[in-house]
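Visitor: For reference, the chains in residue letters:
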Amino acid sequence: MSIASTAQFICFAALSITLVVGALGVVLLPNIVYSAFLLGGVFLSVAGLYLLLNASFVAAAQVLVYVGAVNVLILFAIMLVNKKENLAAIPGLALRRVLSGAVCAGLFALLLRVDLTTSWALPGPEPLGDEATLRIGEHLFSDYLLPFELASVLLLMSMIGAIVLARRDVLVSDVITGEPVDQGLIEKERIPLLLDRSALESSLLEKTP
Amino acid sequence: MTLIGAYAVVAPTITSLQLNAGAIAPEMAVLIALLACLVVDLAGEGVASRWVPPICYAGLLSALVLLALQWDAPLEPSFLGSFLADNLAVAFRAVVAGSTLLSLLISWRYVESSGTPVGEYAAILLAATLGAMFLCGSTDLISIFISLETLSVSSYLLSGYMKRDARSAEAALKYLLVGSAAAAVFLYGASLLYGLTGGGTGLDAVALALKTSETPVTALALVFVLATVAFKIAAVPFHQWTPDVYEGSPTPVVAFLSVGSKAAGFALALRLLVGCFDSFETQWKLLFTVLAILSMTLGNVVALAQTSMKRMLAYSSIGQAGFVMIGLVCGTEDGFSAMVLYMAAYLFMNLGAFACIILFSLRTGSDRISDYAGLYQKDPLITLGLSLCLLSLGGIPPMLGFFGKIYLFFAGWADHQYLLVVVGLITSVVSIYYYISVIKMMVVKEPQEASDAVKSYPDITWSVAGMPSLRTALVACVLITAVGGVLSNPLFNWASATVAGTPMLQRAIASALPVALG
Chain A
65 MSIASTAQFI CFAALSITLV VGALGVVLLP NIVYSAFLLG GVFLSVAGLY
115 LLLNASFVAA AQVLVYVGAV NVLILFAIML VNKKENLAAI PGLALRRVLS
165 GAVCAGLFAL LLRVDLTTSW ALPGPEPLGD EATLRIGEHL FSDYLLPFEL
215 ASVLLLMSMI GAIVLARRDV LVSDVITGEP VDQGLIEKER IPLLLDRSAL
265 ESSLLEKTP
Chain B
8 MTLIGAYAVV APTITSLQLN AGAIAPEMAV LIALLACLVV DLAGEGVASR
58 WVPPICYAGL LSALVLLALQ WDAPLEPSFL GSFLADNLAV AFRAVVAGST
108 LLSLLISWRY VESSGTPVGE YAAILLAATL GAMFLCGSTD LISIFISLET
158 LSVSSYLLSG YMKRDARSAE AALKYLLVGS AAAAVFLYGA SLLYGLTGGG
208 TGLDAVALAL KTSETPVTAL ALVFVLATVA FKIAAVPFHQ WTPDVYEGSP
258 TPVVAFLSVG SKAAGFALAL RLLVGCFDSF ETQWKLLFTV LAILSMTLGN
308 VVALAQTSMK RMLAYSSIGQ AGFVMIGLVC GTEDGFSAMV LYMAAYLFMN
358 LGAFACIILF SLRTGSDRIS DYAGLYQKDP LITLGLSLCL LSLGGIPPML
408 GFFGKIYLFF AGWADHQYLL VVVGLITSVV SIYYYISVIK MMVVKEPQEA
458 SDAVKSYPDI TWSVAGMPSL RTALVACVLI TAVGGVLSNP LFNWASATVA
508 GTPMLQRAIA SALPVALG
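If you read the sequences in order, they're chains A and B. Quick note on the numbering used here: the first sequence kicks off at 65 and runs consecutively. Quick note on the numbering used here: the second sequence kicks off at 8 and runs consecutively.
Only chain B is shown next, with the shape it has when bound in the complex (with noise of 0.2 Å):
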């Protein structure tokens, strides 16, 4: 009756309610290029190959300009709740947009000459992009579940795009049943969550309703939601469709799935543990110090063993992971600004890397790493770019990613977690040998001793239509990732400001300064 009761006085406010759907204007930005794209798609393969690219630039670059201009505004939750731009959600959609923009114009000389529609292609790319990017703002759990749902479905459609491979069939297949499966989980998750709350399905109100409830309950709503999100950002142990799904799948969706995807699913973690379960940190954080540790070990060290160049970046991207995760056990200002930072400088990195692999792909048709050998003297952007990308993947010094891995394990130690940051060392360690292994095939073997791929290296061109965008994304995300580190200054300033601009981390901050000083 309570219910009944409360709806008679909340029903005639009902139509005097704001809804400041301008929150999610660069939302509407990439949907407006989605169906824009869809549209032109009607007139055939030849029309679209023109026309689509700069639809998504268009759409992707004014999403990121309205981004910018949401950026410190005033707070006020749009949609009634289900959603709010503060300046996490801004920085980590803003990473998403970034990843998208640069995954497509990596991607068209790669679609195109594996024959397969680039009207579609691009629709799916932006639908994921919506997903993540509203899972990045999301604060009500139904809104959450749907975004993560669109991230999924079309990712799952992604990386079965090359329908003709077997690899890209047994990689979609696989994501898709692994993934229904983590949906599954958070579902069931969050009808626990919704019935603690008696029947509201805001974070606020979950909050709320998890400090009062002390039950096994809330351990076991904890465990299925954590499960989801280490399932989404492909934490050890829930990482076995990492390896599969990244080597079956068309290489620019990969470099989407390491970033944009891995980007969401950080943010969609900051929201729910952070946000939602700060009255069980202690329990989350030994969580998921297990799981970073795990996942900076085994990433790091299986992939000393692979010899498919994408296959190694699966285990790679495993580790990254588990380092991003220190700054999520720290709590801290300074461990919230890492993350975010270190998620922006692996956008660079990691996109470099991929440009570099896919124009290798395409004038080799090979991925292995063995077929890498001696090829600076047959293509020095090639080699240039992807060593100065791994060696910042490494954190080797005057790069971005240096700068980034420092920052975090700086913000480890000062909060204490030292086991984390001496694994997260050691494992460093470990792959600046599998990232430097490759450079040594790439510059150290003499000409008599390169591979057969780089013997008959076909001479380069730059002139085939989606091979100049490719260079531009390259070439941008080298420069970055190089000079990024000495004048990183912005980018850290950016991070704090995220930090500063993001009540729900402040709050989280405040609740954890008396246990630090006392």
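Looking at chain A on its own, in the form it has when it is part of the complex (with noise of 0.2 Å):
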């Protein structure tokens, strides 16, 4: 085994090691800080396995798309929104995570058994190495044109929902007829008969002045 196979090889082991045992602490750790740190670490071991396969550009939208926009993203929302909160105990938690343990386990093995089975085509095309980054311009003019395309009405779309979802100006009367309006559902939950409604109106006028 010559040098550069073995550093390859070390390298390749470190990354893979730091990949699972961060994919694992993502999942298992209760506190969702050093999950999303971990998930940040989990995207850079990524990025060094797409470098080990001489894909250099692809590791490095990794680092500039996952861990700058989406895990500092991640990071901001749980900032944000980090307050304690005593949450109510879920009954049955262990027979849960006993089940969805059986699952994920079973599911490891059936692609465990996938990946023995197969035979699989070693070794792979030669790499591109950095004329990488001319065939996926050349890709995304000619044959993946049309999902480039669409991609763009997708993320103006997004954009759109977000801002609607978030924007705090709202209507308080229907454009049309002016009636009050409460962004609601037209289906309200119906008021129980027992009830009494003079009661429930009263505090319900109270409630918008």
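Keep in mind the hints are simulated off the structure, nothing from the lab. From the three backbone atoms N, C-alpha and C, an ideal C-beta is built for every residue, glycine too. It cannot be assumed that every hint is accurate.
Some chain A residues flagged as far from chain B (calculated, every beta-carbon gap over 12 Å) [said to hold, decoys possible]:
1. V97
2. A125
3. R161
4. V178
5. L214
6. M221
7. G248
A few chain A residues that face chain B, going by a derived Cβ cut-off under 10 Å, partial list only [said to hold, decoys possible]:
8. D179
9. P189
10. I224
11. Q247
Derived PhoX-like pairs: lysine-lysine, alpha-carbon spacing no greater than 25 Å straight-line [what the hints assert, rightly or not]:
12. A:K147 to B:K181
13. A:K252 to B:K292
14. B:K452 to B:K462
15. B:K170 to A:K147
16. A:K252 to B:K462
17. A:K252 to B:K452
18. B:K462 to B:K385
If you follow the hints, you should be able to join the two separate chains into one complex; please do so.
Guide: If you want it as structure tokens, here you go:
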């Protein structure tokens, strides 16, 4: 084994161990901030694996998009809403954990079996190295033109949707009839018949001055 | 090295390839309408509520006209194999566009009176339509994934559109979580398929690779892809999101989800399973038989116990998807055309029923089945329309739904799917029970037995903006449902022409034929 392949193997082993341990930590740790930071570690090790595969552009995109944007956003969201809350204990939690653990173990065994019984075409195609960027660009403007353009509609719509959900200025009256509105479903939950209606209506009136 | 060599040969010819961008002209019309809605919306809510509806009608109607022009056009794969406008794609895109048009017609008043912005609502719904239409014709794993995501993300946004209502927010969150998991599973399956082809994402390449690889990888990929399809068409056991999402979403959105989104899901199922996994026919047909039986049984039996109209229609739509799956499992000429025919019939009868329940909830603010008691005294139009549509959904003879259902059962019987047909017949009878009990609630009750909602029923007016379009959609759907059954010959011809003009389905039928004879 040459020095190059030994170094490559050691890098691969280190990255894989970080990846697996980090991913387990993301799922198993009770503190969500630790999970979020570990998720950043997982994304970085995946980027490292891409580098080992000679796909430097994908690795750079992975770091920029996942670590730089997605993970930071997750952390921001956690920090903004991170308040201590004593959640009610879920009944039968141990049983649920055992069941979901069994499902995951079953899926893992299935994937392992598939992995071991498949005759993989090794070694795969020669990596393109730095030429990969050119190839990606060519694909985006030839055979993947349609999904590339459609992705712009997808992004536009996500942006508009995010604004619609987040914005605060809301209509208080129907534009056409001028009746008061509440931005809820038209089908109201029914007022229980046993409740005194007049008391309820007066309390509703107090709430909406 | 071989890849690089091939690339060097291909590279000079890239510039001379034909895009055939005309195939997506209908989608362009929808996209232009979407952008126009957004621009008009900048001018304020009053202007938007005046101009957005005509823009949407223009966009969707021109999309339908452009689709009609594509019918039986010579087939050329467009966008270098990303999209194919065969008759199957045209038919399902027409169903999707039609469902959006009808859902928009019935939604203006609902959206206005809930006080949510109309322009964005229409734009997001048009984006969902765009995604669903592309999904019907995509022939490439990447295109399928992106259009699936466009449809899904827009659907999540729409189901959470009434954001001040906890039920709507809950529906959106549930849909988002379950839908993202399904998308991830699809991506995993697609990555396995990509690996099998050795670097190609076109469905042709995938089909070719699947023929030669007999490894468990393909079975795994099949299960993953099938799970996504089953999620999209809400087949049991991938249906858990359906009742909650249908109950919490704004009703016009439910109308779109139950028809448009489901039609796109069936088109995807045909493209992937019939077009791609044809070498694993016995396996996926077995899986779909199980899914169909479970959907028909659970959907129709649980619907019996519902007290909310929207929830009942959610379970009934699960059952209806089970019926359509019979056609998919058959894989014969009749089976495929019965699927197409039933989707078209389902479009009209389901949207007609939704138009009626939206009108009722606009007037009373309720969707409880018990609140419909004695409605025939106060509102004959809703009573008549809802009765006809529900009878058609149940499959009572002179209606359109009866002919659709009988064609499905006939196709199943001819293909020796006796178990499916028998389960279908029994569950149809069950479904007739709960459809009829709604009709009984409306018609049989005496005036003094009427519910509070009906006793305090407002005077019927159609003068408010948005109500005339609702009435138009309601009357059109009910008319087609009622008369379409008797005059269904054009629909039958259309459905068979769809199958005849789709090379992919013809290949599947031809390959199935020797087995059926022998």
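Visitor: Of the numbered hints stated earlier in the document, which are not met by this structure?
Guide: Hints 4, 5, 6, 7 and 13 not satisfied by this model.
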